[in-house]
Amino acid sequence: MRTQALKLRLRLMSWFAMVLLTAQVLAAESSDAAVIVADSRKFTGWQARWANLYNESHFWFALITVIILPVTALILGRLTGWFMARLGINLRSRELAEH
Amino acid sequence: MDWLHVLMPVSGALIFWPGLVVLGFGVGMIGGFFGMGGGWMVTPGLNILGFPMAFAIGTDIAQMSGPSLVSTLRHGKFGNVDYKLGLTMVIGTVGGLEVGARMIMWLERIGQIDLYVRSAYLVLLTLIAWLVFADISKRRKKERAALASGRKLDALATGIEWHKTLHKIKIPPVVHFKRAGVRCSIWLPIAVSFFTGWLAGVLGIGGGLVRMPALIYLIGCPTHIAVGTDLFEIVISGLYGTASYSYKGRTELLAALIMLVGASIGAQIGSIATKYVKGYGIRIFFGFAVVGCGVSILLKIAAAALPSLRHILDNCAAVLILGLVSALSLYILTKFVLGVREERAQRKQPLVHV
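Note that the protein sequences, when read in sequence, are chains A and B.
Heads up, the first sequence is in full-length UniProt numbering, so the first residue is 1 and it goes up one at a time.
Heads up, the second sequence is in full-length UniProt numbering, so the first residue is 1 and it goes up one at a time.
Keep in mind the hints are simulated off the structure, nothing from the lab.
Computed from a prediction, not measured in an experiment: that's the story for all the values here.
Quick reminder that beta carbons are idealized off the backbone N, C-alpha and C, glycines included.
Among the hints, a few may not be true.
[Said to hold, decoys possible] From chain B, some residues computed to sit far from chain A (all C-beta separations above 10 Å):
id, residue
1, V175
2, I301
3, Q349
[Unchecked claim] These stretches of chain B come out as covered by chain A in the derived footprint (C-beta under 8 Å, 3 or more residues):
id, stretch
4, 9 to 20
5, 57 to 68
[Stated by the list, open to error] Here are the simulated EDC-like cross-link-like pairs (lysine to aspartate or glutamate), alpha carbons at most 20 Å apart as the crow flies:
id, chain 1, residue 1, chain 2, residue 2
6, B, K248, B, E98
7, B, K164, B, D154
8, B, K248, A, D39
9, A, K42, A, E56
10, B, K170, B, D154
11, A, K42, B, D314
12, B, K278, B, E343
13, B, K168, B, E143
14, B, K248, A, E56
Extracted from the complex, chain A is given alone in its bound form (with noise of 0.2 Å):
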């Protein structure tokens, strides 16, 4: 039941990516902004792919971006929660009920 959810979010979730980033796509102007290229050469490993990425194509650099970044606050918010938990603390219900 929980793998489904979880299967089921992550799902929502790059399909959610998919359309920000087309919506991106349909709505890029031609624009005079300025061009920055990385430096690759000052790399190595990942991050010297990221950088060819980068400057290969900013469509993918993009969606991995906007991928990764949730994925990894669910799985921080996932850990720290559970942290919290062993603390002590009720996570579930908050009794206050005032404006």
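With chain A's structure known, arrange chain B on it following the hints.
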């Protein structure tokens, strides 16, 4: 101390990474507590750490969606998010943002856009600060009057009650937002979010600073629901902003991820701390945050007008923002620690059967 610095793959800036973690922690905590993305704090912070301005703005917007997501999930568990209201408001927010952004392009052609935008921002912040403190003062008056007549003021009583007048406008369809406890015309949240979205678009900000008070004073949400629902909207607008700035090549994923490490802890602390603080306690400190933000904008305007003092005034603005972030973080952290201690002590007390 080379290991304390990391070279950013896209912008090529050498950044002191513990600074990013601390900044993320502070902003996550303040965002989770007040229901805002914290763009006004992060952009200057990133700039001070060494990011070029273009990357500071993009990275700020990119990191915003992460802690907001963590906070929204936590507030959701506490029942602080009205998803129906949030989704209704997205319609207005997106439309307003687009109109605002187009208006900015039109203003750019006229010139002197910075001065206009900053002045408008300053007027708006003054208005919000006045609204918050006038509301608090009115409620205190009601509290004193109730006390004098030997009654206890209703927990749901508010100072300023503009929302009650707005709820009387019953243009169909009228909807009920159960979690927020609001019954009004659907056009009210759409119009309010269009207005706040437009303001955010014109001012180039995320909008939490404007939407949070709008949810309270114009729609009539209780403070905690306003915080949670606003964060839900920030997740959506933050992801849209991330897509937009990344596609333009102005985000630094590595920096956003490093910030997220601190921000995810901070966001949990900030969201949980709202359990231990009454709604009006949150409003008072939100008012202080708005005043601090306003003073920093005032210093920026003065710096632009007085070029000889520019360096000093810019530094003052940066110190003020970082000082404010530290003070608010310390306040929230104290409330969190005291609240957790009390909750644990209450749990340890044995149940007394009468």
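We went through each hint and held it up to the structure:
no.	hint	verdict
1	V175	holds, 21 Å
2	I301	holds, 26 Å
3	Q349	holds, 13 Å
4	9 to 20	holds (count 4)
5	57 to 68	holds (count 5)
6	K248(B) - E98(B)	holds, 17 Å
7	K164(B) - D154(B)	holds, 16 Å
8	K248(B) - D39(A)	holds, 17 Å
9	K42(A) - E56(A)	holds, 17 Å
10	K170(B) - D154(B)	violated, 26 Å
11	K42(A) - D314(B)	violated, 33 Å
12	K278(B) - E343(B)	holds, 15 Å
13	K168(B) - E143(B)	violated, 26 Å
14	K248(B) - E56(A)	holds, 13 Å
Going through the hint list in order, the structure does not satisfy hints 10, 11, 13.
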